[in-house]
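Engineer: Construct the complete structure from the given sequences, taking the supplied hints into account.
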Amino acid sequence: KPDWAGGAGRDEYGLHADAIIAGIKHRFRWIEPTSFMMGSPEDEAGRYDDEVLHRVILTQGYWLAETSCTQELWQAVMRDNPSYFQGEQSPVEKVSWSDVQNFLKKLHALNPELKQLRLPTETEWEVAYRAGTSAPYSDGDLGKIAWHQGNSKKQTQPVGRKKPNAWGLYDMAGNVW
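Numbering (the working numbering), first residue to last: 1 to 177.
Hints were generated in silico from the structure; no laboratory data involved. Treat the hints with care, as some may be off.
Derived lysine-lysine pairs resembling DSSO-like cross-links, with alpha carbons at most 30 Å apart [said to hold, decoys possible]:
(1) Lys94 to Lys1
(2) Lys25 to Lys144
(3) Lys25 to Lys115
(4) Lys25 to Lys105
Structural biologist: Here it is, written out as structure tokens:
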């Protein structure tokens, strides 16, 4: 159990730890060190030119939040809610990278044990998104794992309502456009 966790355990997805942040429990998943192919094959539908397929090795594991930051959590730390689509369990949106850095600074001040919490790197995010697969969508079916224009009523939805990926991470393929 990490020092910052109020509780930890193992389930069908792997190790998890719960942080209590401003009185709100937020679950994190352990992502093992791994090697994977980052990018996309040249024949993949929707591929961008800068998604060149290449091997990446992550030598250290890391903790990643199971869901996006909810409006409830953001409001508990920041004392405001900038989101257009309101809902305590919906992801916070309409925030910039700088806003998130301010959130993290306040979060660290509230609980110094959480100082290691940060945004994931692009590589960390992609390995977590793929969850051991090489498919464009970890489940093969975007509708099962993500909210998108065709099933979201063109607004964000509460986090964790779609099927998680193989590592227990929700909404990795979409909820906030």
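Engineer: Now look at each hint and say whether the structure bears it out.
Structural biologist: Quick rundown of the hints versus the structure:
Using a Cα cut-off of 30 Å, the hinted pair Lys94 and Lys1 is violated, with the two alpha carbons roughly 33 Å apart. Only pairs whose Cα atoms come within 30 Å are accepted, and Lys25 paired with Lys144 is accepted, the gap being roughly 25 Å. For the suggested pair Lys25 and Lys115, the alpha carbons sit about 17 Å apart, so the restraint of at most 30 Å is met. Between Lys25 and Lys105 the alpha-carbon distance is near 18 Å, which keeps this suggested pair within the 30 Å criterion.
Comparing the model with each numbered hint stated earlier shows that hint 1 is the single one that does not hold.
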